Structure formats: structure tokens, C-alpha cells
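Chemist: Heads up: the protein sequence lines correspond to chains A and B, in order.
Every number in the numbering used here is 7 more than the matching position in the first sequence, counting from 1.
Every number in the numbering used here is 229 more than the matching position in the second sequence, counting from 1.
Simulated from the structure, these hints should not be mistaken for laboratory data.
Keep in mind that this is a model prediction, so the values were computed, not measured.
C-beta atoms are modelled at their ideal positions from N, C-alpha and C, and glycine is treated no differently.
Don't take every hint at face value.
[Said to hold, decoys possible] Chain B is nowhere near these chain A residues, computed Cβ spacing over 12 angstroms in every case:
no.	residue
1	A177
2	S193
3	R205
[As the list claims (entries may be wrong)] Derived pair list, reagent style DMTMM-like, types lysine to aspartate or glutamate, alpha-carbon separation capped at 20 angstroms:
no.	chain 1	residue 1	chain 2	residue 2
4	A	K267	A	E285
5	A	K139	A	D128
6	A	K139	A	D174
7	A	K211	A	E162
8	A	K211	A	E285
9	A	K139	B	D312
10	A	K290	A	E259
11	A	K24	B	D312
12	A	K109	B	E501
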Amino acid sequence: MTADVLNISNVDKDRGKTRVLNDVSLMVQPGERVALLGHNGAGKSTLIKSILGLTPIHSGAITVDGAAPGTGAARRATAYLPEAVSFHPALTGREQLTLFAKLDGAKADVAGLLKRVGLSDALDRRIGTYSKGMRQRLGLAQVLLGKPAVALLDEPTSGLDPISRQDLYAIIDQLAGQGTAVLIASHALTEVEARTDRIAIMSKGHLVADDTLTGLSRRAGLPIRLRVRATDNADAIAAQIGGQRINGASVELHCTPDDKMAQLRRITDLGDAVADLEITPPKLEDLYRHFAAQDASEDLS
Amino acid sequence: MTRALAIASCEMRILQRNLWLVVATVIMVLFALALTFAGSAPTGALGVDMLTISVASMTTLSVYLAPLLALMISFDAIAGDADRGSLALLLSYPASRGEVLLGKFIAHLSALAIAMVIGFGSAGMVAAWFGGAGAESLLALARLIATSIILGAVFITLGYLVSSLATSSTAAAGMSAGLWLIFVVLYDLGLLGAVVMDEGGSFTQTIFPWLMVANPADAFRVWNIAASEGVALTSGMTGAAQALPIWAAPASLLAWPLIGFAAARLAFRRIEP
Ligand SMILES: Nc1ncnc2c1ncn2[C@@H]1O[C@H](COP(=O)(O)OP(=O)(O)OP(=O)(O)O)[C@@H](O)[C@H]1O
Ligand SMILES: [Mg+2]
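Produce the entire structure from the sequences given, and follow the hints as far as they go.
Modeler: In C-alpha cells form, the structure reads like this:
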């Protein structure tokens, strides 16, 4: 097991009277892609800014590649894409990226990076003339500068068209492939479900879940849906394995993750009576609702 | 330092693109030329060359214009980036906040210096061409340009201070206007009122000159006047300047940019982008 390159332990932060981060602990390993989910105002951006050292924390500790947030070493190791990123409208994309490369102190192929994010045509145009998605792509290009150890992306897909989103996740995979730990704050559940290794869910400053999708499903204990299509007699199947007949030819039943294999065996035992079988694990959306709501009900009691 | 220079070159490019450099230079040239020609009438009466008179009127002009241009260039330096949201990204790079501020300062001061040199320089050349110039008046012109740049530096740093303290660009603009009014107009009015009330008492004799020279705008005026007899003669302002040791005005004017930069740096540190 590799050491964690991003290490957040027991972090508290207050803003005025409200506690916006409450005992948050999260580790990310090199090459890992972690999604950070949570409702508006849950504290995702605040957590990212704490990792960058842009905002102070009141207790707990954060290390980035072994360095404290905001130190020169930590800043060199980190790449950041702010939510709703913007740049000075009078500069061109090339000039802006060249400045970042110089600040980073790394040799960079600026034109190549801009090509990578599909901005070759707009290279020497002023950023003021860019569309929102183009500015977002420029923001992404600067993330790729100088092989960061940690990349913090705050809602990277906002404003991107469907194809650009695919490109974005390809770039994230490329980052992870070169060993960068990637933390992605997002509201796009279906996207991160497929494209990340682990999922962390925040709710009102608490980290309420931090696990793989499978792990989350197990912990949530949400049922897995099995849909069995009968060869000819759906009623007979429903009678034998239980469950609900949902249309002329199919039976639907729910089971717990632990019970899944036993159920499958019972279904295969039916032999030719079963024409097809569809297994649907709980969606991230269901899990998200489960974990985010769980904390809210705790608060009420 | 390379990081500060990288920021400086980008800021310089921005000043060229948004026409600030051109506009400021044109303003300086127009005002300086207008004053030079308007002030050319009484040349013979005082027995000094035209450049001397021109420098005297441009000194009065610069007291108002240098702080104004400096604040116009600097008030948005931090608040603007913070408003736009690009400050957070900039500060996530290895450049320290001091380097960011220094980079902007280098660019802004250079731009101001260009406007000053071209503006005062062209007016000085015109005056010398039409009305003659001597070694002393040329020196006075050089002093005017140099001290105007330092005065500009003071207000650039004060602009950064305001820009860091304000919560938005608009607030920073308002605070800059207030700052200009206080340093350039109200402070002198207050002192004048005190002198009138004092009726030539000990305040006027001892404390007043020091209070006056503590203000960078007045220090600028005193420095230029005390250093050149001709300029003092034409501006009719010799009394207060003579009550002070010769180093007082230069020391005050040179200390102010350092004070301003340190204050701006402190205020900038508190910003959470
Ligand atoms: N500059 C600020 N000053 C005061 N409070 C703030 C500031 N920024 C955020 N907050 C508060 O901190 C809490 C967390 O905000 P944060 O921006 O981290 O949420 P988020 O999870 O990123 O939300 P979103 O999904 O809307 O981006 C919120 O309650 C918000 O009101
Ligand atoms: Mg946010």
C-alpha cells in the first residue's frame, strides 16, 4: 500500500458561529480519484481551500505530499481548478498559461497543453472573447502544468458540454495514471459514479461517508434489484422465488447484498423457466440520498 | 524574483491592452503643456527662464495628478482579482503574496514613470525651446520627474492597501477617492485652519512644518521648492520650507512608499480569496 499523499485528519473550521468543517478526515493515495459530494453549502469548497492553505483551519491537521498547506512545497505539489474559474480578460490563453508555468517554475509545453484541452484555435485570442466552457478548459490546462502530486478540482464539469465532459474525465484518468491524487468536488453523480475510485460525501460540514461504491452500497444496506424474465410462466416463477410480477413476463425482487448470491442460485436452479436476468445495484443517487439524509435526521433528533 | 517579474510583465501587458498607459501619458502631456504655455507670461518680471516657471506650475499640478493616476492604476489590483475569483488560483501557485504584490508594483510604477517622463519631459523640452533653460532649471525638471514618480509610488502602495481592505472593486474605488481627498486637499485645509487659529504662535513656528512634511504630497512640494530657489520664488512658498532641515522632506517622501508597501502587505495577508 502506498502512503497517502493527501492527508486530512480531524479538521475543524468555524466561519462566524457556524462550524463549516466538523471533524473531517480524508486520505487520498497517489493515482486515486476521489469524488467529493455534498449539497450546496456542505463545505466542499471550504475543504479544498483549506487544503490549499487559502483559508485557515481551527484544529486538526492537513499535509500535502508531507508539507503543510500554503508552504512553498505544498503549493508546488498541488494543482487547483477553482469553481467558476476566471482570468483577466485582456490576456490571451497562451499568455495566461505561460504566466502560470513561470510561477510554477516548471518547463512547460504551453501550446501542447492548450491543444490537449482543445483550445489550439483560441491560443492567441483574448480570454475576454472565450465562452464559459473555453475558460473552464483553460483552467483545466493549468491543472496539467508540472505533474502535480495532488489535483483539487472544484466542480470541473460545470459549463462543459457532454463531449467536453468525456474529455475532462479522460484528462482526469491521465492525471491519475501519472500518479496524481485527484479530488473532485462535484454535483454530477452519474458521472463520478463511473469515473472515480472512491466517494466521499459531506453533509453540513461532516464527512458522512467515505468508501468505494460497493462499500457504500453494503453499508447503506440498500436492496439490489433483480429482474427475472420468464420463458413463459411469470406467475410460477413469482410463486417459487417470491417477488412481484411487474409485467406479463417479468418478476422483480429485492435482496440485500449479503443475500444476493443465495438468490441467484435459487434463480439459476429454475433452469429453462428463466429467459433472462438483470441485476441492478443501488445507484449512487440512491446512496447519496441515503447518506445525506441520514445526517439531516440525526440533526433533527 | 523571477516570479515577481513574470507577474510584472503580464500586468504591464494588461496596462497596454486596456489603454491605461496611453491615456495616462496623454493626460500628463496635455496638462503639462497647457500649464507651460499658460505660465509663460510673467517670465521677464522674475528674471528666471521659462523652464523654471514651467517646473513650478508642473509641481503644483503633480501634487494632484500623480496621486490620482497612481490610485487609478492600483485600487483594483487586488479587489479586482478577488472579485473575479482569479486571486484564489493565483495564490495557489508558489508565488508568495509579497511576490504577487511586488510584481504588480513593478509594473504599475513603470507605467506611471513612463507617463511622467513623457509628460513632464515633453513640456520641459517645449519650455526650454521657446524660453531657454539653464543647468539649474534642467536639474529642477529632473527632480520634478523623479519626485513625482516617488509620490506616485506612495499612492500606488496606498491603493493596494485600500484594495486589500475593501470587500469589492467598487468599495475600493470609493475608498481611493476618499484617500486622495484627505491627503491632497483636506489635510492641508486642516493645517491651514490650525495655523489661522494659532495666529503665529508656537504651533505655527515648531509643529506645523513637521506636520506638513509628514504628508507625502506636501513633502513632495517642499522638496521641489526648497531645492530650487527659482522654483520657490515663482511659487511664492518659501516660509514653511525654510523652517525645516533640508533632509526632512526627502526623508518623508522616501519613507512613505516603504510604509505603504508594508501596510498593503499586511492587509493583503488577511485576505481569504
Ligand atoms: N467567504 C465566506 N464567508 C463566510 N461564509 C462562507 C464563505 N464561503 C463559504 N461560506 C459558508 O461556508 C459553508 C460552506 O460553503 P462551501 O462554499 O464550502 O460549500 P460547497 O459545499 O462548496 O457548496 P456548493 O456546492 O454550493 O459549491 C456555507 O455555509 C457557506 O455559507
Ligand atoms: Mg463549492
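Chemist: Now tell me if each hint is right for this structure.
Modeler: Status of the hints after comparison with the structure:
no.	hint	result
1	A177	23 angstroms, holds
2	S193	18 angstroms, holds
3	R205	23 angstroms, holds
4	K267/A / E285/A	12 angstroms, holds
5	K139/A / D128/A	16 angstroms, holds
6	K139/A / D174/A	16 angstroms, holds
7	K211/A / E162/A	18 angstroms, holds
8	K211/A / E285/A	37 angstroms, violated
9	K139/A / D312/B	17 angstroms, holds
10	K290/A / E259/A	17 angstroms, holds
11	K24/A / D312/B	25 angstroms, violated
12	K109/A / E501/B	24 angstroms, violated
In the structure shown, a violation is registered for the earlier hints numbered 8, 11, 12, in ascending order.
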